[in-house]
Structure formats: structure tokens, C-alpha cells
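Novice: To convert, note that position 311 of the sequence shown is 311 in the UniProt record's numbering; the numbers rise steadily by one, no gaps.
Treat the hints as calculated values from the structure; they're not laboratory data.
This one's a predicted model, so the numbers in the text were calculated from it and none came from an experiment.
Hints should not be assumed to be uniformly reliable.
[Said to hold, decoys possible] In silico DSS-like links for lysine-lysine, alpha-carbon gap of 30 Å or less: (1) K267 / K537; (2) K551 / K537; (3) K618 / K551; (4) K267 / K551; (5) K544 / K267; (6) K537 / K618; (7) K544 / K618; (8) K618 / K554; (9) K537 / K554; (10) K554 / K544.
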Amino acid sequence: MWSPSTGFFRLAGQKVDAATGAVVTTLRHDHKNLNEPNLEIEHSLAPGFRGHTVTSETVFTNASLDPVRLELLTSFSLGGITPFAADDAPGRLRVHRFRSVWSAEGRMVTDSIENLHLERSWAGNMNFAERFGQVGSMPVRGWFPTALVEDTDAGVVWGARLAVPTSWQLEVGRRFDDVVLAGGLADFEFGHWAKTVAPGESFATPPAYLTCVAGSPDDACDRLTSVDVPAADAQPAAEQDLPVGYNDYCTSWGEPSHDQLLAVAEKMAPLGVRYLTIDAGWYMPTTTPAGEGGSSGAHWATSLGDWQAHASRFPDGLAGIAAAIRARGLVPGIWMEPEHVARDSAAFHETDHMLTRHGQPLTLGIRRAWNLHDPFAKAFLHERVVRMLRDAGFGYLKLDYSETLGVGVDDGAGDGLGEGLRRHGEGTHALLDSIRAALPELVIELVSAGGHRMESSLLQRSALASYSDAHETVEIPIVAAAVQRLVLPRQSLIWAVLHRDDSPQRMAYSLAAAFLGRMCLSGDVLALDADQLALVKAAIGLYKRAVPVIKHGKSRIGGDMGASWRHPTGWQGVVRTWADAVLVVIHAFDEAPAEFFVPLPAGEWHVVATLTPLAVTKTNIDGLWVVGVLPWDSQVVLLERVDALRLG
1 MWSPSTGFFR
11 LAGQKVDAAT
21 GAVVTTLRHD
31 HKNLNEPNLE
41 IEHSLAPGFR
51 GHTVTSETVF
61 TNASLDPVRL
71 ELLTSFSLGG
81 ITPFAADDAP
91 GRLRVHRFRS
101 VWSAEGRMVT
111 DSIENLHLER
121 SWAGNMNFAE
131 RFGQVGSMPV
141 RGWFPTALVE
151 DTDAGVVWGA
161 RLAVPTSWQL
171 EVGRRFDDVV
181 LAGGLADFEF
191 GHWAKTVAPG
201 ESFATPPAYL
211 TCVAGSPDDA
221 CDRLTSVDVP
231 AADAQPAAEQ
241 DLPVGYNDYC
251 TSWGEPSHDQ
261 LLAVAEKMAP
271 LGVRYLTIDA
281 GWYMPTTTPA
291 GEGGSSGAHW
301 ATSLGDWQAH
311 ASRFPDGLAG
321 IAAAIRARGL
331 VPGIWMEPEH
341 VARDSAAFHE
351 TDHMLTRHGQ
361 PLTLGIRRAW
371 NLHDPFAKAF
381 LHERVVRMLR
391 DAGFGYLKLD
401 YSETLGVGVD
411 DGAGDGLGEG
421 LRRHGEGTHA
431 LLDSIRAALP
441 ELVIELVSAG
451 GHRMESSLLQ
461 RSALASYSDA
471 HETVEIPIVA
481 AAVQRLVLPR
491 QSLIWAVLHR
501 DDSPQRMAYS
511 LAAAFLGRMC
521 LSGDVLALDA
531 DQLALVKAAI
541 GLYKRAVPVI
551 KHGKSRIGGD
561 MGASWRHPTG
571 WQGVVRTWAD
581 AVLVVIHAFD
591 EAPAEFFVPL
601 PAGEWHVVAT
611 LTPLAVTKTN
621 IDGLWVVGVL
631 PWDSQVVLLE
641 RVDALRLG
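Full structure from sequences and hints, please.
Specialist: Written out as C-alpha cells, the structure reads:
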């Protein structure tokens, strides 16, 4: 932001691209020869989905005779915030950001400009900035790459969302009266990124999605996530009705077997489940050299990489179990982490084809990572991943990524670790694109130690994403609701882990949370009794009725909660509206009030279905009363407009 080199560029032209509607602005800099334009920046702003966003991209071209080294090139810079105040807008500007840690993704944090120490200086011309972002290959490990600036007096919100699978940065800056929001790839100072652009070459930034809305931060988030809708609509036909899945991880805990999975399939199919995913532990380690982490005591996390089926657990092989699952009416899925190998695999020792740092194989605890540009690595992954999926007949892939590469990797061209990491991100894109090209009907679930890869460039290459690794905890509905601001609920997979000793209240609490995204079952499903199975079947039936609202609606998060997610108090109500229907998902926590009121959109509403009779509900013209509430109660309510019912 405010690099001195920017001042050397001058406007050279502006046009509208007739094909895309993009506004393309060209800037030129006479680097050495004043008679020739030597350096050029082309910036484009293209209209986005439904006109709710613009896509901002920057292309740098070196037309000089000498190489040029870039250490910063932003995807966007949005200045002039705010035009609604004649002064420096004291007390009215807020910045909204979204934190992410393991099993607690999506917490919105709000700071005033004053609290960020970005007040205008007395001289005005001093440059202040708050920079934040993520360094590494897990782009949602500390923050989501989304930021909003709100003028609370004008009721206007500006927002930006980056599509970057590796290191990125966002900056909120202040000079004179104006606030600036800018961002893109992490620069040399923040992310060790530099790029040498040779004469005649160009370099393009990753896209940034921008919006401005007269409304709330939630309205801005709705617009920013809408950019992923076209890609979600283009996913395989099996995905379009948002089917319910089952994952065996919280059933087998890393030790899946043929017989157990078939028993689960027979239990799940009558309930209306479509996907059955075999999670980690389906493979065997191969013997490794003595003293180098052999197979003795190998665990699923130390064994990944060779992707050979565990012979004793799967005597009929992967094709056998996949066929047996299909015979029971379900789509078979499987977990893999193809970009990494672990210490008990033979692949761990293929160091000539692994990523390096300063010339040495980069070891990430128990893992190493393939160089995704290496021909051997690409051939290996095609054989062990793509061909295996196709030959065995799997229709669903849970694609995990459980360790960050850190500051970067060798890039092979002398530009340094940050550029090596950026290129590795391109390799990740290419890997996902190659899987999609080879298996167009495959459903891909994006995972990264939970939700640490939920950014737009990877979400647009996946059907859905695991929202978190929060599997059984009480904060699941809180995390699931928070993630709705950042990921389309139709793409956000929510765990409902069920146990034989769950009370009806506890089981309903787990199932209700899954209505905040994509329902995924796990747990002690083979031990559930008839009444428990009936509740699960009823929940799935209600979920299917609610699919249009989950898929197309807009959410607003309400309630009265304490600060803690791990030890929540109060209550949460998420109201999701689409057309003439509303889905309300309510969770009561510790110290919840006995009754509370959930506002609804204007109109007269009728309750058409609920998950359980717990917490009796009644409607009036303004909203929904929930009465008789106990701590840890929950409720799902599907409503329709009375006028719509009459017309029907």
C-alpha cells in the first residue's frame, strides 16, 4: 500500500471490454527510456454474479530490456472510504474481520478505526496501516481472507474477499481523511514473496471480489459468497439436491473395515442417506528402512502416502467395498490426503520429488509434500488417486490437507520461498482440475484440518467443504452459524455425531446444527435403537424439505450469547429466508432464558414442520416465540407465508 513506485505510473487509457463488461484501466511507466513505455499495469474490474460484486485483477507487464523484480502487487486497492463524511468520519467507521483456529472457525471480530489506531494524524499525510493475513499453504489458518469496512452512520458496507490458496494479506490504511482497503498476495515483507518478471513477460495477481452495499455486514457477506454460486451450480448432478452424507471417522476412529461399513450402509440407506465415506485408516504402510520410522506401531496419520488398501480390513479390496456400498443404494466415498506423504510410507523417501527448502526436503513433523510440478509426482498421483478412484468405482472424494508448508518452498528460479509457495498453490489448482477433468461426476469435499482451506479458489473447485473439525462439541452450532458468513451453506458440511447414550435432547441438538449447512452423520450409528433411528429419519426428512432454503436463502444470526464458544451461555437463532419460506435453527445453551423471541421477515407465517416438540413455538405477525426452553434445547422450524399457502 502506498509504494513509492506506484507514483511513477500514469494513466494511459481506459476501456470497457465488450465481451466481459470489464472496465480495463492501463497505467504505464517509462522506466528508463522516456520515449518508450517500458512497464505496464493493466487493472480490470469485471461485473460478478447477479451484479452483486466486481472481480478485481491486476496484470503487470515488463516491456523493458531488463528483468524487473516485484515485491508487492495488489489485486485491489479500494480508496476513498468514506465519501459520506465531509471530515475524517470520527466514531463511525468499523472494520469487520473473521478469525479462524482449529475447531473454531469464522469468529467475527469488530474494531473501530480508532481502536485499530488508524485515526487521521494532525498532519494528515502520514501513512498508517493495519496489515493481517496468513502465511503458508493453509489460507484460513488464522484469518479468513475477507474484510469489511462499515460506515455506521451511512449504513453502507464495503467488502473484499481474496481467492488465494496460499499466503495472502489484507490492509486497512489511513492517509488524510480517506480509509483504504487493499490486498492480494502476501508481499516480501509479510510473506517472503518476490517475483522476477523477465523482459516481455507478464504476471497476473489472483482475483479479489469486491462489493459495496447499503445494508449490514451480513448483507455484504451474502454478496461476497455469492461469487461461488456459479461453480456450485456446475457441480455434478448428484449434488444439486444437497444430499445427506455419512462419514465413518467418528464411528471407526481411523480403523474402518469392510464388514462394519456394510453394516452401516444397511442402517443408513433406509434413512435417506446418499453418500457413505470411508475415512482415514483404510490403507496400509509399506515397510520402510530400519531406523527411519518403520511400520511398527503405524497409525493412520503416519501411514498415508502409498494409498494401498489395508488387506486384512478390506479383503475384497477397494473395488469390492465400493461395489457392496453401491449395491445397498449409496454412493461410496473415500478419504485421501494426496498432497502429503507420511513417515511410514515408501513414498516418504522419494525425496527427489518432494518440496524442498534451502535445498533440503521439507519435513513437516511426520509429513513431507509432493512437488506438484514434478512429472514423477504427477504420474504417481494420477496412478494412486485418479486411477484408483475410477477403477474402484468411488463417487465421492474427501480431500484432506493437514499441515501447512509455512513461509515457503524452493521455487527453482531464484525468486525465493514465497514465490515457490505461490507456484505450489498453482500446482494444487492443477491437481484438483486434473481430478475433475478425469472424473467429471466425482463429488469432491474440501478439508484441511477442518476448515483451513475454505477460500474461494479452492471452494470453486469443490462441491462442498468440511466446515470444521468440531465433531462432537457443544459449540458446533455456533461455529456452523459463523461460517455461514464466509461459505455458502450448500457447501458447508456440518457433523452430527450420534451416540447410543445420547438423550433425545442431545441427539436433537446435534441434528439441528446440521441444518446450518450440509448434514453429515457419524458416530455409534450401529448401536442406535428404534426410537433414535426414527428421530434421525425424521430429521433427514425435514432437512430434505428445507433444502431449497438452505441452498438459495440468506441467513441472519440472532440471539443473546456470551463471549465463550467452548462454554456458551444464552441462545442462538439463525433465520434463513428464501422466497416464501423460512428456516429457523435455534440452540439454547447454559443459562438460557425460559422463553425468547426470534424476529422473522415481515409477513404472516405458518409453521409447517418442526424437528421435535421440545421448546414449543408459536408465531405472530412479527416473529416466532420459543417457550418452555431448557438449557441445551434446540429446535428447527420450517415456516411458509400464509399467503403462499392460500395460493397453493
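Novice: With reference to the structure, classify each hint as holding or not holding.
Specialist: Tested hints:
1. K267 / K537: holds, 11 Å
2. K551 / K537: holds, 21 Å
3. K618 / K551: The hint holds at about 26 Å.
4. K267 / K551: Within the cut-off at roughly 27 Å; holds.
5. K544 / K267: holds, 19 Å
6. K537 / K618: holds, 24 Å
7. K544 / K618: Holds - the C-alpha atoms of K618 and K544 are around 23 Å apart, at most 30 Å.
8. K618 / K554: Given pair K618, K554 holds - Cα atoms ~22 Å apart, limit 30 Å.
9. K537 / K554: holds, 26 Å
10. K554 / K544: holds, 18 Å
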